[in-house]
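Using the sequences and the hints, build the whole thing.
Next come the chains, spelled out residue by residue.
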Amino acid sequence: MKLESIHIKVGLLLVLVVVTQKIFAQNLNTGEIHGNFQLDAQYYNPDSAIGAQAVPEKFLMNSFTNLIYTNGDFTAGVRFESYLNTMLGFDPRYVGTGFPYKYASFNRDNFSITIGNYYEQFGSGLIFRSYEERGLGFDNAMEGVRVKYTLMKGVHLKGIIGKQRYYFDKGAGIVRGFDGEIALNELVKGFEEKKTKVFLGGSFVSKYQVDQDPIYVLPENVGAWAGRVKLNRGGWAIYSEYANKINDPSSVNNYIYKKGGGLLINTSYSQKGFGINLSGKVIDNMNFRSDRTAQNNDLLINYLPALTRQHTYNLAATIYPYATQPNGEMAYQGDITYTIKKGSKLGGKYGTTVLINYAAANGLDTTKLASGLGYKADYSKLGAVYYKDFNVEIQKKVSKPLKFTLFYANFVYNKDVAQGKVNEGIVYANIEVLEFTYKFNDKHALRMEFQGLQTKQDHGDWATIVAEYTISPKWFFSTVNQYNYGNHVKAERLLYPIGQIGFIKNSTRVTLGYGRQRAGIFCIGGICRVVPASNGATISISSSF
Amino acid sequence: MKKIVFLFLAFSFFKTYVFAQKQEHVIPSVDIKKLDGSTFNTENIKNDGKPMIIDFWATWCSPCKAELNAIAEDYADWQKETGVVLYAVSIDDARNVDKVAPYVNGKGWEYVVLSDVNGDFKRAMNVNNVPHVFVINGNREIVYQQNSAAPGDDKKLYEIVKKLAKGEKIN
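So the sequence lines, in the order shown, correspond to chains A and B. Here the numbering used here is used: the first residue of the first sequence is 1, the next is one more, and so on. Here the numbering used here is used: the first residue of the second sequence is 1, the next is one more, and so on.
Hints were generated in silico from the structure; no laboratory data involved. Quick caveat, the model's predicted, so the values are computed rather than measured. There are no misleading hints in this set.
No more than 25 Å apart at the CA atoms, straight line, and that leaves these computed lysine-lysine pairs for DSS-like: (1) 195(A) to 107(B); (2) 162(B) to 443(A); (3) 80(B) to 342(A); (4) 34(B) to 189(A); (5) 272(A) to 194(A); (6) 156(B) to 46(B); (7) 148(A) to 34(B); (8) 34(B) to 195(A); (9) 197(A) to 33(B); (10) 474(A) to 169(B); (11) 33(B) to 194(A).
Set out below in structure tokens:
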């Protein structure tokens with residue numbers, strides 16, 4: 001570009017800025033802009049002991065900024081994302097910078113229209129969920145149009161159409177859908193005060209993708225529907241959703257012409273000091289994507305939650321994590337929270353909470369079929385074990401400054417299925433954790449975790465010690481030391497130390513860290529991210545304004 | 001060049017509207033759910049001119065739960081002294097959403113608990129990750145926010161709530 005033309009462009013730009021500011025300052029002076037910002041970056045050292053390779057750029061960074069403008073019924077927003085270059089552990093197709101998310105929406109009376117990008121969910125997501133997990137690099141935002149309408153009190157309708165985000169591009173298929181939800185007690189006169197609350201919902205979603213396959217005739221339109229009901233009475237709640245999908249041959253189901261189905265049931269009861277939750281599900285051939293060739297976490301239209309406890313202690317959460325197998329799974333879970341009363345013998349002065357959880361996931365019991373339908377499933381039987389988890393947690397406050405938690409878990413983990421490995425078999429592991437927090441005064445506190453994991457399989461035994469010192473509300477200092485002392489390969493009995501310092505000022509948080517990060521799998525909900533081993537210095541900044 | 005223009009415009013807007021304006025930041029209006037499954041618009045987060053706390057949390061977030069459990073011990077006193085109401089907004093998705101009510105009751109929380117199952121309210125409030133706590137004045141304006149939870153932070157929150165209840169200025 002010639003210097004002259006740059007001058008002209010910059011001049012024009014300045015005029016534009018002044019004009020827009022004048023105009024908007026007059027007409028839209030009640031509007032507000034808010035947003036948030038996050039940056040994560042790492043300087044990488046090669047570390048051959050843990051298998052951390054040299055990174056050619058040495059320094060990698062992911063960051064995003066959201067800006068939302070609101071003025072009465074009108075909202076508009078953009079997200080600027082930059083991957084310079086993508087940090088290890090994120091999909092390398094996130095590269096460079098751009099504005100992959102932008103929208104405008106208008107709400108008035110009972111009507112809401114969004115154009116551009118949006119996130120939406122029908123029911124529990126069995127046939128449609130568009131969402132983001134920025135920490136995992138997952139984002140299947142829709143780009144198109146969404147309309148929401150409250151037809152009358154207690155009747156909510158939603159319609160969506162669009163293409164899904166595919167890194168800095170869009171997927172090949174078009175996704176269309178409709179959802180209706182009725183709150184019976186609000187709709188029917190005389191039911192408002194009834195103790196039993198009833199909610200009914202139904203949705204239909206269809207994707208279109210042209211068939212260019214030279215051999216097979218593939219359905220270009222694939223429809224899925226789901227129905228759901230929720231009942232509440234006193235402390236009781238029951239939720240159930242059933243979904244069905246027509247034949248949808250794709251690369252992830254090996255191009256079979258079988259229909260898909262899913263059933264989710266959840267029952268819970270709670271009263272003060274006690275809560276119980278029982279849930280079960282069957283998932284059969286429910287991989288639903290807007291491109292039949294998509295793999296991994298790409299272009300997912302639906303969301304199939306794992307019915308397992310979402311663990312928080314490092315060794316329990318990141319060494320053997322489990323996500324739903326969308327091609328077929330039967331799972332059930334029971335969960336109890338019980339608080340022993342204050343003042344009782346076991347409750348002590350402050351009460352004691354006991355949490356018990358059991359979850360199991362199995363494959364389907366299937367018979368192969370010679371036809372294009374692929375297989376037949378017998379729901380009266382369980383297939384291969386995928387995952388079992390029994391865990392107990394006891395939380396107790398001993399005195400004003402001291403509280404502790406004891407945790408135990410027993411895992412049975414089918415590594416081949418859960419991590420897509422071959423012939424690594426089943427891992428049996430025990431995990432124990434002791435955590436305590438001691439408050440020196442209103443500002444200073446020390447929290448420590450002692451974690452152990454024992455297994456004869458896989459990488460053997462692990463120990464972890466976490467120490468975190470906080471000075472409320474501004475500072476924290478932490479160290480995490482992980483030691484793979486029981487590795488069957490002597491040379492891999494390594495220590496992984498990490499130190500961090502964090503500074504918090506209101507809604508801004510800055511964290512600096514240095515150390516060795518072991519390879520692991522980080523999951524939120526049904527999505528997992530494989531993080532390779534690394535060594536180096538990290539910085540993380542997060543801010544809302 | 002286009003991107004630079006866009007960025008520049010975005011920044012100039014930002015400058016005009018954030019810095020030139022009074023410090024008001026009102027709670028946006030988004031449809032989320034109550035624990036019984038009914039639709040709840042966040043316009044209904046209000047408290048007759050008295051202060052409020054909005055606390056984003058999840059059943060899988062240990063520091064969130066530690067802070068909410070710490071507040072729960074003193075919540076009755078806080079309410080008596082200042083009339084404050086705490087809205088605990090769970091961002092648990094379909095995997096854990098049905099565990100929220102059993103946990104809340106199992107712990108005996110007296111908060112107004114809401115469920116933001118697909119992160120719509122979280123996005124509208126510019127929350128990056130949990131824990132994220134807002135203190136709201138009687139005019140439904142955000143006067144303080146904190147993106148962390150450490151032991152003792154509950155005391156800091158309560159100091160702000162007390163100031164608001166007395167009609168004193170924050171900072």
